[in-house]
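Following the hints, put chains B, C and D with the ligands in place on chain A, whose structure we already have.
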Amino acid sequence: MRELYYGEAIREAVRQEMRADERVYVVGEDVGTYGGVYGISKGLFEEFGDKRVKNTPISEISIVGEAIGASLNGLRPVAEMQFSDFITTAMSTLFDAAAPFYFRIGANLPFVLRCPFGGGQRIGPYHSKCPEAWMFHTPGLKIVAPSTPYDAKGLLIAAIRDPDPVIYFEHKKLYYELKGEVPEESYEVPLGKASIVREGSDITIVSYGWMVHLAREAAKLLEKEGISLEIVDLRSLCPLDEETMLASFKKTNKIIFLHEAWLRGGVGAELLSIICEKAFDYLAAPPIRIGAKNTPVPYSPLLEDDYLPSVQDILEAARKLKSA
Amino acid sequence: MRELYYGEAIREAVRQEMRADERVYVVGEDVGTYGGVYGISKGLFEEFGDKRVKNTPISEISIVGEAIGASLNGLRPVAEMQFSDFITTAMSTLFDAAAPFYFRIGANLPFVLRCPFGGGQRIGPYHSKCPEAWMFHTPGLKIVAPSTPYDAKGLLIAAIRDPDPVIYFEHKKLYYELKGEVPEESYEVPLGKASIVREGSDITIVSYGWMVHLAREAAKLLEKEGISLEIVDLRSLCPLDEETMLASFKKTNKIIFLHEAWLRGGVGAELLSIICEKAFDYLAAPPIRIGAKNTPVPYSPLLEDDYLPSVQDILEAARKLKSA
Amino acid sequence: MGRHLKVAATENRESITIPREKLLSMYYYLLLTRELENRVLTLYQNQNPMDPLIVGKGYLSTGQEAISVGSSSTLEKDDWFCASHRDMGAHLVRGFTPREVFLQYGCREGSITKGRDGNVHFGDINRHMIPFISHMGANLPIGNGVAAAALYKGEKTVVIAPFGDGAASQGVIHEAMNYAGVFKLPVVFVLNNNQWAISTPISRQTAAKNLYERAIGYGFPGKAVDGNNVVEVYHAVKEATDRARRGEGPTLIECRTMRLTGHGTHDPATYVPKEELEMWKKKDPILVCRHYLTEKNLLSPEEDKKVQERVTAEIDDAVEYARSQPLIKPSPELDRVFLKM
Amino acid sequence: MGRHLKVAATENRESITIPREKLLSMYYYLLLTRELENRVLTLYQNQNPMDPLIVGKGYLSTGQEAISVGSSSTLEKDDWFCASHRDMGAHLVRGFTPREVFLQYGCREGSITKGRDGNVHFGDINRHMIPFISHMGANLPIGNGVAAAALYKGEKTVVIAPFGDGAASQGVIHEAMNYAGVFKLPVVFVLNNNQWAISTPISRQTAAKNLYERAIGYGFPGKAVDGNNVVEVYHAVKEATDRARRGEGPTLIECRTMRLTGHGTHDPATYVPKEELEMWKKKDPILVCRHYLTEKNLLSPEEDKKVQERVTAEIDDAVEYARSQPLIKPSPELDRVFLKM
Ligand SMILES: Cc1ncc(C[n+]2csc(CCOP(=O)(O)OP(=O)(O)O)c2C)c(N)n1
Ligand SMILES: Cc1ncc(C[n+]2csc(CCOP(=O)(O)OP(=O)(O)O)c2C)c(N)n1
Ligand SMILES: [Mg+2]
Ligand SMILES: [Mg+2]
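Chains as they are written, first to last, in the numbering used here: chain A, 18 to 341; chain B, 18 to 341; chain C, 6 to 346; chain D, 6 to 346.
Looking at chain A on its own, in the form it has when it is part of the complex:
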């Protein structure tokens, strides 16, 4: 099958949905002729013009506000944060206006907020954040975070068609580093369905985003040591596919939670809690969480590597669990 980069898959999803549905349009900073700072909307302006590829002032509040208002008024906006870090400037619009909207008044908001996130790019504390735990804790926002070009396309199409607000976390490091098979036609990867990206028998590792690839790398290395890792890629954090995670865990009885975000109060803590609450008796060893250090993302490559979760961290966790 044809291969696309992760970033290209995202673009294709947007383009196909725009072609298929007049209500779908793009709004964000520098998304026009520039094509977005990571080039994700390249060519869209040329194809669809400035009505459907709307280049905005520096106003995250307005971008999220437009997503809310336009989705209320019949459209399907695909809004972009230039970096997910900047959502803090529109936090009230996202958390106070969008998130509780359906609860308060029963009106749904079919918009997508694309949030390029994550580190490994040597661009420091303000361009590398993984802020998903803030949203995860906040009722009313769906959250997805694809790890492959295939999922990137399919999840984005599903997100655009979903009737509720979806925060779509796309990992910047994967844009033009990761290639994979992507069908040409349009397809959905349903929200709320995890995937087993590697079957294994000894230990389950649950992850999402870039970190899934670290897990894959670790799994290959561990195989040589005779440790078999099963990798669950959550793909969606909300809705959360507890079943797939629990089923995998009940098979292996040992589990690692891996994410790039800060460990403390991160999504991993919730996942661990769910395992303890719903499958405690299956635990053959204490579950292990791996996440980033509890500091801002450092700029220097040496410091950032030290800050981020590493393959080595996974190896150590797996060895510990294996021998437990």
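Rather than coming from a laboratory, the hints here were simulated on the basis of the structure.
Possibly wrong hints are sitting among the right ones.
What the hints assert, rightly or not - Straight-line distance between alpha carbons at most 30 Å, and here's what the computed DSS-like set of lysine-lysine pairs gives: (1) D:301 with D:82; (2) D:301 with C:189; (3) B:68 with D:161; (4) A:268 with A:295; (5) C:214 with D:161; (6) B:295 with A:267.
Said to hold, decoys possible - A few chain A positions that, by computed beta-carbon distances, are all more than 10 Å from chain C: (7) 20; (8) 29; (9) 36; (10) 64; (11) 83; (12) 181; (13) 211; (14) 237; (15) 298; (16) 319; (17) 329.
Said to hold, decoys possible - Covered stretches of chain B, going by a simulated chain D footprint (3 or more residues, C-beta under 8 Å): (18) 115 to 127; (19) 156 to 163; (20) 178 to 191; (21) 302 to 309.
Ideal Cβ placement from N, Cα and C applies to all residues, glycine included.
This is chains B, C and D with the ligands only, laid out in the frame that chain A set:
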């Protein structure tokens, strides 16, 4: 000893620190002649004037910004959010400017941000939030949440004297409903020290804020059933007193985590994870979390009661653990 | 503060005539709003706290009704209104019934938010009423989005987005107005300058001489009107909605008035100078409107009495009805935060 | 866009004379900034990506140096400067050495942020330089706080808070300016209007005719100056800092210029019309300043050559020095997020 309301204890802490230290001052909305919407700064304007009790426009960004800038320039601002819910409008200032400041440049910010939080007041989704998990996940912010008048005073004094930014979560429901002994003189309750507010032998319950009182109530009822609850009041979430929590748990081997905030991705998940990671072998039963439902805070009393954690929830959890 | 009271002389707008029914309808809604909110206050002050009809707190627009009634009266059915907390008038104009309002206040079965949100925080997307969000200016960027979608779809609808003099200090308002300017969005920003934000007078809210002049910084027109004169408010806002409908972009209308009650039902507002209140009470929008109608021979004393009786009866009925309805009870359906779970 | 280029005629300010050393010092810093940033760009374009001295990306102020150099040159030692990402000039004026800058870019031992933050994100509270925060206007409310503390303590220090034409669309800037107006804070807001925000031209950023007119909405003076003329920038900002120091409150100075490079070292900026760039290159602030000094007989060709040689030598030294220093290594000390753990 003299008794004060929780709200009065907070006011006394501010007043005493203002008297003792010229650098300490108050800044926030309606804190002037009005004395704050909950009357916490009543009388301060009259005593200290508008230089030291600074009534601001509706500009949470400016309030947090002033706290940062003034603390950089030698003062000790005690800033107030009118309701902790409104911090979302200044999230970037808090998360992007204040939190990483020390990490980025090595300059500390000795300010306190007072955040009245919590529900039970029948004022709905926008005036009842418990947003501490957002801050808890974010490196660089100290977080305290007193449950008694004694702690309210001592923790606030310690927070004001602390060289780093402290988010001080004060529970609105306790302001004028809870009275307790408070020494007249100035004293500190150190940040990062939990307290055992009730000794018990069967089950540890870890909580903070208003919920500690629900735990107390439940403990009394459970005593009659022959279940002995030990209550750990964390008081600080950051720094976190893991030792006290772990020590209590290692004694009882059974544990409940209770908070008013949304359960999903809440602080309880982290506490549960810490127990599993650091004292797994002591677990005689699956740990249990209790928190609010995963919805905005409803306005209607019936709905809010249904939304909030209840004494009944604690009783059920304790019975389940007891018989486990 | 005094400096904020002067209102730029309004041009002679007698040329745009308002049909008699519109004038009478506005008068009716002024009265209805007043009566409804007076009742909210007296109920709040006299109710059994264990069985309240006014749950939590109430927010009133007493003395400022002309802004909400006058501005919303310019709208067509398909236009949109993004409510602030002083917009009971607009809710009534746009078709909410007093019964619905008291059901909402009382968290009763049949209330539009079903008890999930309270007091003035209600709306209905089908009626193109966007509910108030507490964080003050929070509705403006949503109004922009609604307006952007109207442009996108080629519809000629417009949006009214009101906010207060206190809210005017917030960043969200700046972002929204600047954005509306760039895209020439069909939005009319209605600034309710009632000179207070809870206990903070406008002089401590901004050093600006005239808030409407902020429009200069966004590249669209701004003007001030007497917010206690429903006819003037209507004229100014109508001119702006017409402009918006023609595709010429947003306008900022600063309506000058005074908050005659406390910030909410719980606030005695002792901080507001008595003389100021007294002065403004003489400019009560209902008196102003009645005087206008009488002068123009559009309303006889008998007709006036009839409207007043009608209004009282409606509110009596609404209160009684709301009281007769059961409280909303928790149910899984009410816990939904998504349309598609 | 053209409409934004016209600058209000500046009053004749020859009356306030700038001492010769100040003028020469500003010229020197213009050259130093240019040479330093040119080097950042060539290093970035030619370095081994596996062993970069310019780690990540670089942000340059090429063609706009007069704003940062001219404004910061008005400050006394105890005054404060809240940096934007176009303020290399101010960093140098306020005492950062080129060595420090390249250590910072290279994440080397001895760098001020110790590798924790990068490129132009640096400062030093002891030198009263507040480091840039990426969220654009984010430093303005901090500048207000610093200024508020100065007032509180009775100190006569002032704060310069710069931001861009793109940042001007953000709410944070509105809140900060309005707040500064209310409390008459000693802050000078310096708006670097380089007509672009990454790829977005000012005409798509705002419909406002003149950004400096926003000051009307905050109740303090605003004016525009030729941002390519360091003497004019100095004069306008000096007038404003003097005013602030006298306790008369804030001022907004809009400095009009053009971004001559890409948004960052990674951006070829093909979207900027060539003719515009060519036109602005003729108004290069270094040429303008050199011409001024020569006309006034304050700088001979020999002196000019000497300064240029000095500047080149300093930058050569700095680059070499930074390269010779080891990379910062992780250590527990660098993981601290609090002074008191
Ligand atoms: C972001 C935010 N900060 C503070 C408040 C608390 N608050 C509620 S109403 C109000 C005053 C609003 O003043 P104004 O905008 O003038 O409207 P008015 O009440 O006078 O109609 C304040 C400060 C809030 N709701 N939201
Ligand atoms: C809140 C926020 N949104 C978006 C960005 C991405 N961004 C970085 S620089 C920039 C343009 C800034 O334009 P301007 O303020 O005019 O400054 P200039 O770069 O032109 O000097 C943008 C959009 C950001 N840093 N912060
Ligand atoms: Mg007001
Ligand atoms: Mg610019």
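Hint by hint, here is what the structure shows:
For the proposed pair residue 301 of chain D and residue 82 of chain D, the alpha carbon gap of about 28 Å is at most 30 Å, so the pair holds. Using a Cα cut-off of 30 Å, the hinted pair residue 301 of chain D and residue 189 of chain C is violated, with the two alpha carbons roughly 49 Å apart. Taking the CA atoms of residue 68 of chain B and residue 161 of chain D, the gap is about 16 Å. The hint holds against a cut of 30 Å. The hinted pair formed by residue 268 of chain A and residue 295 of chain A meets the criterion: a straight-line CA distance of about 14 Å does not exceed 30 Å.
For the suggested pair residue 214 of chain C and residue 161 of chain D, the alpha carbons sit about 27 Å apart, so the restraint of at most 30 Å is met. A C-alpha spacing of about 22 Å is found between residue 295 of chain B and residue 267 of chain A, which places the hinted pair at or below 30 Å, so the restraint holds. Non-interface call for residue 20 of chain A relative to chain C: holds, since the shortest CB-CB distance, roughly 32 Å, exceeds 10 Å. Against chain C, the non-interface label of residue 29 of chain A holds: every CB pair exceeds 10 Å, the least being about 23 Å.
Distance check for residue 36 of chain A against chain C: the nearest CB is about 16 Å away, which clears 10 Å, and the non-interface claim stands. Distance check on residue 64 of chain A: its Cβ is at least 17 Å (rounded) from any Cβ of chain C, clearing the 10 Å threshold; non-interface status holds. With a least beta-carbon separation of about 4 Å from chain C, residue 83 of chain A fails to lie farther than 10 Å from that chain, contradicting its non-interface assignment. Non-interface call for residue 181 of chain A relative to chain C: violated, since the shortest CB-CB distance, roughly 4 Å, does not exceed 10 Å.
Every beta carbon of chain C lies more than 10 Å from that of residue 211 of chain A, the smallest distance being close to 17 Å; the non-interface claim holds. Once the 10 Å rule is applied to beta carbons, residue 237 of chain A is consistent with being away from chain C; the minimum gap is 37 Å. Listed as outside the interface, residue 298 of chain A is consistent with that label: its C-beta sits roughly 28 Å from the nearest C-beta of chain C, beyond the 10 Å cut-off. Here residue 319 of chain A stays apart from chain C, with its beta-carbon at least about 37 Å from theirs, past the 10 Å limit.
The beta carbon of residue 329 of chain A is kept farther than 10 Å from every beta carbon of chain C, the shortest such distance being approximately 39 Å. Closer than 8 Å: that is the beta-carbon criterion, and the region 115 to 127 of chain B has 9 residues meeting it against chain D, so the requirement of 3 holds. With 3 residues carrying a beta carbon less than 8 Å from a beta carbon of chain D, the region 156 to 163 of chain B meets the three-residue requirement, and the given coverage holds. For the region 178 to 191 of chain B, the stated coverage by chain D holds: 3 residues have a C-beta nearer than 8 Å to a C-beta of that chain, and at least 3 were required.
Only residues whose C-beta sits within less than 8 Å of a C-beta in chain D count toward coverage, and the region 302 to 309 of chain B has 0 of them, not enough to reach three; the restraint is violated.
Of the numbered hints stated above, those contradicted by the structure are hints 2, 11, 12 and 21, listed in ascending order.
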